[in-house]
Each structure stands twice: as C-alpha cells, then as structure tokens.
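Using the sequences and the hints given, assemble the complete structure.
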Amino acid sequence: MRLSFLAAAVLAAAPALAQDLRGPDAFADIADDSARSAALFAEMGKVLTHPRCLNCHPVEGGPTQGDRMQAHNPPVIRGEADFGAVGMNCTTCHGSRNVSFTGSPGSIPGHEPWALAPISMGWVGRSLGEICAQMKDPERNGGKTLEQLHEHNAEDGLVGWGWDPGEGREPAPGSQKIFGELTRAWIDSGAACPS
Amino acid sequence: MIHLTVNGREMSLDVDPDTPLLWVLRDELRLTGTKFGCGVAQCGACTVMLDGMPRRSCVTPVGMIDNASVTTIEGMEGPEISAVQAAWAASDVPQCGWCQSGQVMSATALLRQIPKPTDEEIDHAMGGNLCRCATYVRIRQAIHDAARTLEG
Ligand code: FES
Ligand code: FES
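Protein chains in written order, with the UniProt record's numbering: chain A, 1 to 195; chain B, 1 to 152.
Don't read these hints as lab results, they were simulated from the structure. Please note: incorrect hints may appear among the correct ones.
Here are some chain A residues pointing at chain B (derived, C-beta under 7 Å) [what the hints assert, rightly or not]:
1. P74
2. P75
3. G87
4. G95
5. I108
6. V124
Label pairs and their computed distance ranges (CB to CB) [what the hints assert, rightly or not]:
7. E60(A) <-> C133(B): 27 to 37 Å
8. G52(B) <-> D29(A): 57 to 67 Å
9. S34(A) <-> R132(B): 27 to 37 Å
10. P79(B) <-> E139(A): 54 to 64 Å
Positions of the beta carbon are idealized from the N, C-alpha and C atoms, including for glycine.
Here it is, written out as structure tokens:
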C-alpha cells in the first residue's frame with residue numbers, strides 16, 4: 001500500500017516540477033521569431049532571477065544567501081578573485097559538495113569550484129532585458145560565444161547546483177535540462193531580448 | 001577506510017565517511033585543541049588547516065577530503081604561528097579561551113598570505129571567527145604586533 005502511495009506521489013510530482021519552467025514547445029505557436037525568442041528568454045528569466053542564481057550574481061560586493069537573499073553570514077567580501085577575502089576564501093566553509101549539518105537541520109552548500117560570478121555578470125536588480133544584453137555581450141560574459149553560453153547553461157556544474165542546492169534551499173524552477181533547451185531555442189530563434 | 005595526514009602523521013581511519021573532521025579530530029584522535037562552537041560554519045572555533053588553507057572542520061565530512069593533509073593547532077609550526085603565539089601571550093588576548101584556537105589558526109593563515117595586514121584586511125579575514133568574550137580589539141592588536149615581529 002505504502003509503495004503504491006509513494007509511486008503515485010512521484011508520478012504526480014514529476015509533471016508539477018516540469019510545469020514550473022515551460023520547455024520550448026510551449027512557445028512554438030509564437031510565429032514571429034523575435035517575439036518567440038524574447039518570450040523564451042523571459043522563461044529563462046524564471047531561473048536567472050531565482051535566489052539560487054541571484055545570491056551569487058550580485059552587482060557589487062559579496063554574496064547574499066538563502067531563499068530570502070539575506071546578507072551572507074558570516075560576513076564575507078567578494079575579494080580580488082571573486083573568491084572571498086585573503087585568509088577567508090569561500091572554501092574556508094564551502095566544500096566540494098553540499099554538506100548536511102550534523103545535529104541540526106539544514107546544510108552548507110558546496111560545489112567544486114565555488115565562487116561568485118564576476119561583477120560583469122552581476123544582475124541583481126537588473127531587468128530581464130538588461131540581463132539578456134549582458135549575457136550576450138562577450139565583453140561582459142567572460143568572452144563566451146552564444147554556443148559557449150548554451151554549453152554553460154546546459155552543462156556547467158555550478159549552474160546545475162541551482163537544481164540540487166541541498167537541504168533547506170528551494171531549487172531553481174524546472175531542471176537544468178529544460179533550461180538548456182530553452183537556451184538552445186532562444187539562440188536558434190535569434191537570441192532576441194525582452195524589452 | 002579514510003586516509004589522512006594529520007599533523008604530519010599518515011593514518012587510515014575506519015570511520016563513516018560522513019563523519020565531520022572535527023569529530024574525528026576530537027573524539028578519535030583526541031586532538032582537543034580544536035573546538036566545537038556551532039557545528040554550522042558560523043563561529044570559526046573549529047578552524048584547522050586543510051592542505052595549508054583554513055577550513056571549518058565541523059562542515060568537512062572526512063569522506064570529502066580523503067588523502068588530504070590536516071594541521072590542527074597542536075601541529076602548527078613556522079615563523080607566523082610563533083609570532084602569533086608570542087603576541088597573543090604578550091597581550092593576554094584570550095579571556096575564556098574557547099574561540100582562541102580558531103582565532104590563532106585564522107590569524108596565522110592571514111599572516112602567511114599578507115605579512116603586514118591592514119585593519120580592514122584583518123577584519124575581512126577574521127570576520128568568520130566569533131568571540132563571545134569580545135576580545136576582538138586585542139586580537140586585531142596582536143595580529144599587528146605579530147606582523148611587526150615577523151618584519152624583524
Ligand atoms: S564549530 Fe565549526 S564554525 Fe562553529
Ligand atoms: S575568549 Fe571567550 S569566546 Fe573568545
């Protein structure tokens with residue numbers, strides 16, 4: 001009985017999860033390429049503006065943390081290498097994977113590597129149109145072509161951490177797979193930006 | 001089996017890989033100089049050197065650091081730790097002492113990288129080490145004193 005209840009719960013949960021973030025098919029009926037492209041980016045924006053991404057994409061200073069994007073505690077700074085202060089790098093606390101606390105609920109997030117996005121890739125408080133322009137600009141996106149951007153969104157481990165953030169943190173909407181597919185479809189339709 | 005070098009001694013440990021390093025140090029190896037304060041990376045009392053860099057041992061499962069080299073306060077050597085020790089003693093930095101092994105580890109790590117840190121650099125590097133006795137002013141002074149000694 002219990003097993004079948006679990007199976008039902010899993011079956012029910014799967015489509016609900018996918019619905020958070022619509023795949024490219026949901027936009028197929030927008031005939032105009034540029035309008036479809038902008039709509040695809042707006043869907044990607046659900047991920048880009050989620051706290052899992054925003055916390056480490058600040059426009060200045062250090063990271064925020066948690067689902068409410070509070071100040072990082074302990075206090076940390078960006079540092080010259082986007083990796084914290086000399087003497088207190090991110091890796092003083094963050095390991096190569098998420099680590100559950102022993103004896104209390106919650107976890108400390110981790111991944112190898114673990115660092116802030118550079119300032120040029122900060123987008124807290126920016127509009128989706130501004131984030132889009134920034135993401136496409138090799139001067140500000142770390143010299144990436146659109147193809148490399150797709151690879152980053154679809155394959156990068158630290159991007160993927162957003163969907164596997166450890167106990168006590170809400171995952172980014174959808175999945176990295178859908179996010180990658182949206183990025184692909186956005187690029188193929190001309191990589192237009194929402195206004 | 002987990003393989004670690006602790007204070008220069010190679011060892012194989014038959015422990016659950018999820019066990020935090022802090023537990024292994026204190027309970028298995030009886031290296032009790034490293035303290036437990038919070039268990040959630042908020043206080044710095046459990047700081048050790050992991051492959052030469054400071055690391056909070058309470059959030060470091062040993063399975064994550066197989067083959068690493070760990071140095072605790074008991075195994076620290078070199079000019080920076082000696083200067084820190086002398087400066088700490090000269091200024092009577094500790095009060096209850098609970099946080100101090102972590103403070104000393106962080107201060108030493110800072111001086112190894114910045115021989116003459118500014119107040120700001122000290123505050124940034126030491127910001128994760130809490131002291132419930134509020135010895136912060138003496139800590140900062142002692143780091144400056146240690147830096148002066150190191151200058152020779
Ligand atoms: S005991 Fe590890 S940071 Fe507090
Ligand atoms: S000396 Fe008491 S906690 Fe720091």
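Right, here's what the structure says about each hint:
no., hint, verdict
1, P74, "4 Å, holds"
2, P75, "5 Å, holds"
3, G87, "3 Å, holds"
4, G95, "5 Å, holds"
5, I108, "5 Å, holds"
6, V124, "21 Å, violated"
7, E60(A) <-> C133(B): 27 to 37 Å, "34 Å, holds"
8, G52(B) <-> D29(A): 57 to 67 Å, "58 Å, holds"
9, S34(A) <-> R132(B): 27 to 37 Å, "60 Å, violated"
10, P79(B) <-> E139(A): 54 to 64 Å, "44 Å, violated"
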